[in-house]
Amino acid sequence: MKIIKLLNNTTTNPPSKEKYPNVSISLDKYNHDLSEKIDKFTQLYQNPKDIDVGSTEHQILKETNIYRLLHYKPIFKRPIKTPILVVYALINRSYILDLQGDKSWIKNLLFQGYDVYLIDWKPPTANDKYINFDDYVNDFIDDCVNLILNQSSIDKLTLHGYCMGASMSVMYTTLHQRKIKNLVTLAPVIDTSKDTTVIGNFGRTLDVDKIISSVGNMPPQLLRTCFSALKPFKQGMNKYFTLLEHIDDKKFVQNFLRIEKWLYDVPPITGEVFKQWIKDIYQNNLLAKNQLKLGSKVIDLSKIYIPLLNIVADEDHLVSPEGSAALNNLVSSTDRRLMRFPTGHVGLIASSYSQINVLPRMGKWLFSRSDK
Amino acid sequence: MSDSLSFHENTNNQFEEVLKKYQEFWKKFYNIPKFSPFSLTEETSNLIQNLQDLILITSKIQYFNLNYVTQINKTYTEALDKIPPNKSEYSLQSEHDIKKYRSFLLGTLEESFTNLFQSRDFGVLVSDLMSAYSEYNKILRNISNTYLLSLNLSSKEDIDGLLKDMQELKREVRDLRKSIDIIMSEDNQVAK
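So the protein sequences, as listed, match chains A and B. Here this note's numbering is used: position 212 in the first sequence is 289, and no number is missing along the way. Here this note's numbering is used: position 58 in the second sequence is 134, and no number is missing along the way.
Rather than coming from a laboratory, the hints here were simulated on the basis of the structure. Zero decoy hints are in this set.
Listed below are the simulated DSBU-like cross-link pairs for lysine-lysine, each with C-alpha atoms no more than 35 Å apart in a straight line: (1) A/K366 to A/K233; (2) B/K175 to A/K327; (3) A/K256 to A/K441; (4) B/K110 to A/K287; (5) B/K175 to A/K114; (6) A/K117 to A/K199; (7) A/K199 to B/K246; (8) A/K316 to B/K158; (9) A/K366 to A/K271; (10) B/K176 to A/K327; (11) B/K103 to A/K287; (12) A/K287 to A/K356; (13) A/K338 to A/K327; (14) A/K316 to B/K150; (15) A/K271 to A/K233; (16) A/K370 to A/K352; (17) B/K214 to A/K338; (18) A/K356 to B/K150; (19) A/K233 to B/K268; (20) B/K240 to A/K370; (21) A/K366 to A/K199; (22) A/K106 to A/K338; (23) A/K233 to A/K370; (24) A/K374 to A/K356.
Could you put the whole structure together from the sequences, leaning on the hints where they help?
Set out below in structure tokens:
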């Protein structure tokens with residue numbers, strides 16, 4: 078084995094002190110520094126509650142056992158009339174959209190003059206396992222939309238979803254289009270026949286009925302196991318080496334821990350939703366085939382005629398960009414736009430890159446299609 | 077071995093054959109009358125059957141786990157073999173050398189493991205492993221149910237039935253509420 082041979086070489090034949098005095102001192106120092114850094118590293122992972130996230134000022138407009146509807150305090154006295162309702166995914170938690178001041182998706186939209194609402198899904202309990210997409214779309218999202226429309230005394234709002242939340246926004250729009258002015262999707266899961274991701278591969282072969290009949294809700298442990306197969310070395314392992322290198326940089330460490338907290342804050346997914354997600358969307362591709370059923374209603378994407386902005390990350394290893402981009406060819410909207418960015422799934426929403434490149438372009442597109 | 081089947085599917089079929097023989101062998105021992113004075117109680121018969129199933133599924137989990145670990149190890153050694161001979165001469169005499177080597181090593185491992193995780197064979201294996209664990213849980217639940225019933229407590233199936241009915245009722249209430257809202261808003265418009 079080459080690695081063993083290599084390690085043996087380094088241990089049995091260290092650089093000779095006589096021949097390379099500086100090299101030997103430098104490696105000793107490196108080992109000593111590394112040991113100190115590892116001590117500091119272990120101290121960091123003690124209390125996730127100490128890591129502050131979601132600090133943009135907001136009020137809770139409505140709270141049920143399933144969700145909280147948050148209304149962010151507008152920056153301007155007279156914000157743009159058409160409000161934005163952000164529908165977050167059922168995977169991980171919504172505070173990724175407001176992780177920290179300088180990379181907050183929400184704050185950026187507020188600074189662009191928008192009135193922003195967010196659905197923050199709460200972790201479901203064992204009693205919620207029969208809640209399905211029909212409930213999420215036609216009950217919870219619809220309740221939030223109605224509440225915002227009544228409160229703002231307007232007829233329509235902009236629906237804006239991310240990942241699974243974008244797929245749910247698309248489903249909602251096909252059924253309740255008269256309440257929606259614009260649809261803005263970020264990395265939606267649409268045509269899974271074009272999916273080449275590891276998650277797609279696992280999803281296609283999973284006996285989801287058997288698993289859900291055993292566990293009720295899809296447990297976080299199983300979800301985390303699947304996510305750990307995504308870029309396990311370059312991202313999963315290399316990031317900890319990078320952290321060790323920057324362990325004395327307080328700002329870097331805080332930013333790192335916020336993302337880390339979010340990555341490991343995985344709530345369960347209700348059993349019925351997980352079954353529909355895997356069987357109907359990943360295994361049978363019913364959403365793209367216009368055959369997905371929510372209750373008695375069929376989701377027909379060709380019924381969407383309102384302005385659509387679909388934003389896709391070209392380096393997305395969680396949702397295939399080609400599967401997301403397919404949405405633009407499935408709707409009937411004449412005003413439709415596809416924006417592609419050379420970034421990843423999380424980089425699309427929570428990075429300096431998205432602040433500089435994605436949000437200004439999205440804001441500009443939306444501004445011309447919103448009531449002022 | 078069929079060429080159209082994957083490594084996991086092929087070995088799995090052979091393993092299933094072994095399990096079948098094991099089941100047939102033990103069938104003779106618990107082929108006890110189901111009624112008459114010579115029979116066991118229904119609970120005891122169920123318990124014996126469940127314990128038998130538990131042994132079978134545990135063997136399956138062991139087999140799938142072994143297959144899983146084998147594939148991971150195989151990928152790991154294959155990845156390391158991809159390091160060209162001259163690369164093994166990394167001097168590792170400075171921090172820069174270590175970083176350079178680390179980056180090369182992680183890149184090689186990443187490529188091999190992503191290929192493994194994207195392969196259909198590995199997907200089927202993960203699915204089989206998860207299904208086997210689910211089956212194991214189900215058998216444990218069946219055993220627990222036997223005791224719950226004897227203690228006059230509801231089984232998981234009873235509670236599931238209630239939860240399902242409750243969710244259906246919630247949906248009916250929601251639909252009724254929305255129908256009423258539509259009628260009321262139409263009435264308001266007529267009144268205006």
